[in-house]
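S.K.: Line by line, the protein sequences are chains B and A.
FYI, our numbering numbers position 208 of the first sequence as 208, with every residue one higher than the one before it.
Here our numbering = 1-based position in the second sequence + 302.
Just to be clear, a hint being listed does not mean it is correct.
Unchecked claim - Covered by chain B, per the in silico footprint, the following chain A stretches (three or more residues, Cβ under 8 angstroms):
#1 394-408
#2 560-572
What the hints assert, rightly or not - Cross-link-like lysine to any residue pairs, in silico, SDA-like; alpha carbons within 20 angstroms at most:
#3 K224(B) <-> L687(A)
#4 K224(B) <-> W650(A)
#5 K197(B) <-> M685(A)
#6 K224(B) <-> K642(A)
#7 K261(B) <-> M374(A)
#8 K121(B) <-> G688(A)
#9 K642(A) <-> H664(A)
#10 K224(B) <-> S656(A)
#11 K121(B) <-> N333(A)
#12 K224(B) <-> F655(A)
#13 K224(B) <-> N333(A)
#14 K224(B) <-> S653(A)
#15 K224(B) <-> M685(A)
#16 K224(B) <-> Y571(A)
#17 K261(B) <-> T614(A)
#18 K261(B) <-> Y571(A)
#19 K192(B) <-> K121(B)
#20 K224(B) <-> S616(A)
#21 K192(B) <-> E216(B)
#22 K224(B) <-> G688(A)
#23 K41(B) <-> A167(B)
#24 K261(B) <-> Q572(A)
#25 K224(B) <-> T614(A)
#26 K224(B) <-> H664(A)
What the hints contain is simulated information worked out from the structure, not anything from laboratory work.
Backbone N, C-alpha and C define an ideal beta-carbon position, used for all residues, glycine too.
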Amino acid sequence: MHINSNLAKVAAVALSITYTGLAHAELNVFACEPEYAALTKELAPTANIYSATTAFQDPHQVQARPSLIAKMRQADLVVCAGADLEVGWLPMLQMKSANANVRSTDQGLFFAADQIETLDKLASVDRSMGDVHAQGNPHIHFDPTRLLKVATALSAKLTQLDPAGAAAYQTSLADFTTRWQTAMPRWEAQAKGLQGKKVIAYHSSFRYLFNWIGVEQVADLEPKPGLAPTSGHLASLLARAEQGDILAIVVASYQDERGAKWLGEKANLPVVVLPMSVGGNDSSQDLFGLYDSVISLLNGVK
Amino acid sequence: MTVLNTRVSLVALACALISPSLWAEDSSLTNPAISAVLNGYYQTGERPLAESPDGFGLGETELALSANIDDMFYGKVTAVVEMHDGDTELNLEEAFIQTMAMPAGFSIRGGRFLSDIGYLNNQHLHTDSFTDRPIAYRAFLGGHYFDDGVRLNYVAPTDLYWTMGVEAFKGESLRAADEHGEREFKNVGVYTLYSKVGGDIGDNSSWQAGLSYLRNENGQVTPHEAHETEDEHEAVEGHDHSHAASYTGQNTYGADFVYKWAPNGNYKYQNLSVSGEYFRVSDFTPTDLHPEDAPSKDYHQGWYLSSVYQFTPSWSAGVRYGEADTQELHDDHFHEQKLKESEVSLAWHSSHFSTVRFQYTHQNGTNFDGIEDDNIFTIQYIMSLGAHGAHQF
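Just need the whole structure built from these sequences, with the hints factored in.
M.R.: So, in structure tokens, the structure goes:
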């Protein structure tokens, strides 16, 4: 056993030496969600980046499909949200793709949620609570401060994997940080009028967005996390909506709009479909466009 | 088949399950992923070669434990509790280690594990959309083929998914019947080769197709012995519960495909899957068979085609049609048999972790265990608790 593992280590080292001996090759990056593909593109514009999902796919329920195994097999870096968001498919991809470089966060595996404090961590989890995440809400990419921390850590990871590109990664991070920090006060000013407003939303997908701009999600279209809206639950939401203090019903681009539309019609409330990620609508072509779009869509219903 | 000391082992597993510190979503050194699958049913009949008798019953109750052992190895144990004729048996379905750090897309798995031939075989029964495996699997692979052995697998560094592997197994459960225990079987009885390719078609669909070959050194039918009476023959067949294959041959060829579709590739609300497999088992006739006793076809074959549509997050419906076309040795000559199964199922999923299924099976047999025109209704629940296992495509 020992001899075997040593042999494998020697082989791995030999291989990595061969790789670094080559001319500066671009990293192959596998992103679990489009927001992390977009963030990686900001930080490593020349890398080959592949996003496993689109903004129209629920990242909780992704098939560990052949194309993803093939892409992960070739990846130097895997960037995911973490906090168990991908627990139903990422371990299977890691097992099937036989790529030792992306198995450990010491090497080419990066979880955004590991870099920050998540909201809504739970001390104990029971399935009767629905499909909840003990490690907190994983949809962190709508918090600009947290996302900037993630960007800094991701840039360090890129440098660790590709030391030859260190200077370029440093420049890209500085550039992104400047633009992001300029945009943040602008977004906050634009969202000022939304502060204190109440919404009904689907899942806790926009937990960080609402936390940041001061919107309160007073009810959830899901009766329990991960469960689709039921007619009984929608009826109870209608009773809540009739109190008259709700601004809008918010769903993400990958969520079924039927329950929201029914409630919207009955309660005479606007339904807003927000892009869950980059690519979720025409104006969300990068992270800046995504933030611009969600704020302007929410402002549109005031 | 390993039958452990049931009482002691169950207690040990129960203790492991109860220990609160072990409950965790993630597996790590101190937190192995632990899961249990509960499976019970009531049905009005029994499908031939299946493991679930009629009336009330428990299907496979699984207890699984897995974790990374160190940076080089991953390990998994799956114990299956089964009831047979009033006896509780604890069987090991999986107890394997797998390398995690081999270079260049290679990996080795050793121990007891599910063979990677075909599409369904490497999947656990509780993930199936029907109560029993298709008749082709029950006839040729004993439902699902797991065994003690070793596998070398390779994944190519291509954008089109391409994997291939070779396996060697003990092959005990695929040995030809040997009623008198006089036959000398080879210790390493089964070798397999397989290859799969797959990819996406746009954002909405994904596919995979595979070819497999299984060499069974012990698959040739044991010659009939002249002094044997029909009574003895029947007596031996009666109590033979196991995961053993009923029809064996030296060479088995398989082809499989699966296609999945979801609107925008979003599987949460609606999705469709279509899959099919074909198996052909040949070279089973005894060497000293008189030419006039030769079977009408010198191969067994079986196939199925199935489709499952999940139309809301809570409901899915499936249809499946399967056939097995086999030759059975009776005295000194072969009888041709045929079984056709048409099935529909409707399942309700209260969450991702619980399923209640209604299934109707119509069987049409020719010379097959006395089945001519049978109807079977099944109601079944399958629920999992503990760690959220990742599912295969």
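S.K.: Hint by hint, note whether the structure agrees.
M.R.: Against the structure, the hints:
Only when three residues or more bring their CB closer than 8 angstroms to a CB of chain B does the claim for the stretch 394-408 of chain A stand; here the count is 9, and the claim holds. A count of 7 residues in the stretch 560-572 of chain A with a Cβ less than 8 angstroms from any Cβ of chain B is obtained; the coverage claim is therefore met, three being the minimum. Of the supplied pair hints, the one linking K224(B) and L687(A) holds, its CA atoms being roughly 17 angstroms apart against a limit of 20 angstroms. A distance of roughly 17 angstroms separates the Cα atoms of K224(B) and W650(A); the hinted pair therefore holds under the 20 angstroms criterion.
Under the criterion of a C-alpha separation no larger than 20 angstroms, the hint pairing K197(B) with M685(A) is inconsistent with the structure, at around 41 angstroms. A hinted pair counts as satisfied when its Cα atoms are at most 20 angstroms apart, and K224(B) with K642(A) does not qualify at roughly 43 angstroms. For the suggested pair K261(B) and M374(A), the alpha carbons sit about 51 angstroms apart, so the restraint of at most 20 angstroms is broken. Distance check on the hinted pair: K121(B) and G688(A) sit about 19 angstroms apart at the alpha-carbon level, within 20 angstroms; holds.
Note on K642(A) and H664(A): the hinted pairing holds, with a Cα-Cα distance of about 8 angstroms set against a maximum of 20 angstroms. A threshold of 20 angstroms between alpha carbons decides the hint, and for K224(B) with S656(A) the separation of about 15 angstroms falls inside it, so the pair holds. At roughly 18 angstroms between alpha-carbon atoms, K121(B) and N333(A) fall within 20 angstroms of each other, so this suggested pair holds. Using a Cα cut-off of 20 angstroms, the hinted pair K224(B) and F655(A) holds, with the two alpha carbons roughly 14 angstroms apart.
Using a Cα cut-off of 20 angstroms, the hinted pair K224(B) and N333(A) is violated, with the two alpha carbons roughly 26 angstroms apart. At roughly 10 angstroms between alpha-carbon atoms, K224(B) and S653(A) fall within 20 angstroms of each other, so this suggested pair holds. Simply put, K224(B) and M685(A) have alpha-carbon atoms about 18 angstroms apart, close enough for the 20 angstroms limit, and the pair holds. For the suggested pair K224(B) and Y571(A), the alpha carbons sit about 16 angstroms apart, so the restraint of at most 20 angstroms is met.
For a cut-off of 20 angstroms, the pair hint linking K261(B) to T614(A) stands: about 17 angstroms separates their Cα positions. This hinted pair checks out: K261(B) and Y571(A) have alpha carbons roughly 16 angstroms apart, not beyond 20 angstroms. A threshold of 20 angstroms between alpha carbons decides the hint, and for K192(B) with K121(B) the separation of about 28 angstroms lies outside it, so the pair is violated. Straight-line distance between C-alpha atoms of K224(B) and S616(A) comes to about 14 angstroms, which keeps the hinted pair within the 20 angstroms bound.
Restraint check for K192(B) and E216(B): satisfied, since their Cα atoms lie roughly 14 angstroms apart, inside the 20 angstroms limit. Proposed proximity of K224(B) and G688(A) is supported: the alpha carbons are some 18 angstroms apart, at most 20 angstroms. About 16 angstroms separates the Cα atoms of K41(B) and A167(B), which keeps this hinted pair within 20 angstroms; it holds. For the hint linking K261(B) to Q572(A), the alpha-carbon distance of about 18 angstroms falls within 20 angstroms, and the restraint holds.
For the hint linking K224(B) to T614(A), the alpha-carbon distance of about 16 angstroms falls within 20 angstroms, and the restraint holds. Pair hint K224(B) plus H664(A) does not hold up; C-alpha atoms about 38 angstroms apart against a cutoff of 20 angstroms.
Checked against the numbered hints given earlier, the structure breaks hints 5, 6, 7, 13, 19, 26 and satisfies all the rest.
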